[in-house]
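Q: Sequence:
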Amino acid sequence: RRPIPAATSPPTAPLAARRAEPDPLPPPRGTSPATPSAVRKEPPGSASPSSYSSRSSASSSSGCKERSGKKGVDRFSPEYRQRRERNNIAVRKSRDKAKRRNQEMQQKLVELSAENDRLHKKIEQLSRDLTSLRHFFKQLPNASFLQPSSVTDCR
Numbered sequence: 001r002r003p004i005p006a007a008t009s010p011p012t013a014p015l016a017a018r019r020a021e022p023d024p025l026p027p028p029r030g031t032s033p034a035t036p037s038a039v040r041k042e043p044p045g046s047a048s049p050s051s052y053s054s055r056s057s058a059s060s061s062s063g064c065k066e067r068s069g070k071k072g073v074d075r076f077s078p079e080y081r082q083r084r085e086r087n088n089i090a091v092r093k094s095r096d097k098a099k100r101r102n103q104e105m106q107q108k109l110v111e112l113s114a115e116n117d118r119l120h121k122k123i124e125q126l127s128r129d130l131t132s133l134r135h136f137f138k139q140l141p142n143a144s145f146l147q148p149s150s151v152t153d154c155r
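Numbered continuously in UniProt numbering, the sequence shown closes out at residue 155.
Among the hints, a few may not be true.
Derived CB-CB ranges, DEER-like [said to hold, decoys possible]:
1) I123 / Q103: 24 to 32 Å
2) R83 / Q103: 26 to 34 Å
3) G72 / A98: 28 to 36 Å
4) N87 / S127: 57 to 65 Å
5) F136 / K97: 53 to 61 Å
6) K108 / N88: 25 to 33 Å
7) R81 / H120: 54 to 62 Å
8) R128 / R101: 36 to 44 Å
Cross-link-like lysine-lysine pairs, in silico, DSS-like; alpha carbons within 25 Å at most [what the hints assert, rightly or not]:
9) K93 / K108
10) K108 / K121
11) K122 / K108
12) K108 / K97
Just so you know, the hints here were simulated from the structure itself, not pulled from any lab data.
By construction, the Cβ of each residue, glycine as well, lies at the ideal position given by its N, Cα and C atoms.
Let the sequences and hints guide you as you build the complete structure.
A: Here it is as structure tokens:
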């Protein structure tokens, strides 16, 4: 077996250099950049001063991962502006589509409500017709409409 030369080991220096770079995003409102979020959340007197440095390094090294993997972005670069413009167009298009869909649903609601009212009125009218026909047949002499006739069976 041949030993692996030291020059072919994985390049860790660029990764370490990237971690050492300052975060391009500004700190959240109401906080100072020197105050790590893990220390700030602790109640007063609960953490010893010696734990500050370990928490600071732990939160700063994992802070990049906690930000959903976002890279440092130059907000003035043409690529960023182009991406933002495309995103703004997509958002506008999506909102317009949602508004159109909502308007179509409202229109359909109006149409279906009108048809529902029309059908209810038709049911009421047919029910009145049925009642008056029943009343009419009750007024006829006893079973005169049931007598056999020359009409053939339509089966």
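Q: Hint by hint, say whether it matches the structure.
A: So, going through the hints one by one against the coordinates:
{"no.": "1", "hint": "I123 / Q103: 24 to 32 Å", "verdict": "holds (31 Å)"}
{"no.": "2", "hint": "R83 / Q103: 26 to 34 Å", "verdict": "holds (30 Å)"}
{"no.": "3", "hint": "G72 / A98: 28 to 36 Å", "verdict": "holds (33 Å)"}
{"no.": "4", "hint": "N87 / S127: 57 to 65 Å", "verdict": "holds (59 Å)"}
{"no.": "5", "hint": "F136 / K97: 53 to 61 Å", "verdict": "holds (58 Å)"}
{"no.": "6", "hint": "K108 / N88: 25 to 33 Å", "verdict": "holds (30 Å)"}
{"no.": "7", "hint": "R81 / H120: 54 to 62 Å", "verdict": "holds (58 Å)"}
{"no.": "8", "hint": "R128 / R101: 36 to 44 Å", "verdict": "holds (41 Å)"}
{"no.": "9", "hint": "K93 / K108", "verdict": "holds (22 Å)"}
{"no.": "10", "hint": "K108 / K121", "verdict": "holds (20 Å)"}
{"no.": "11", "hint": "K122 / K108", "verdict": "holds (21 Å)"}
{"no.": "12", "hint": "K108 / K97", "verdict": "holds (16 Å)"}
The earlier numbered hints are all upheld by this structure, with none contradicted.
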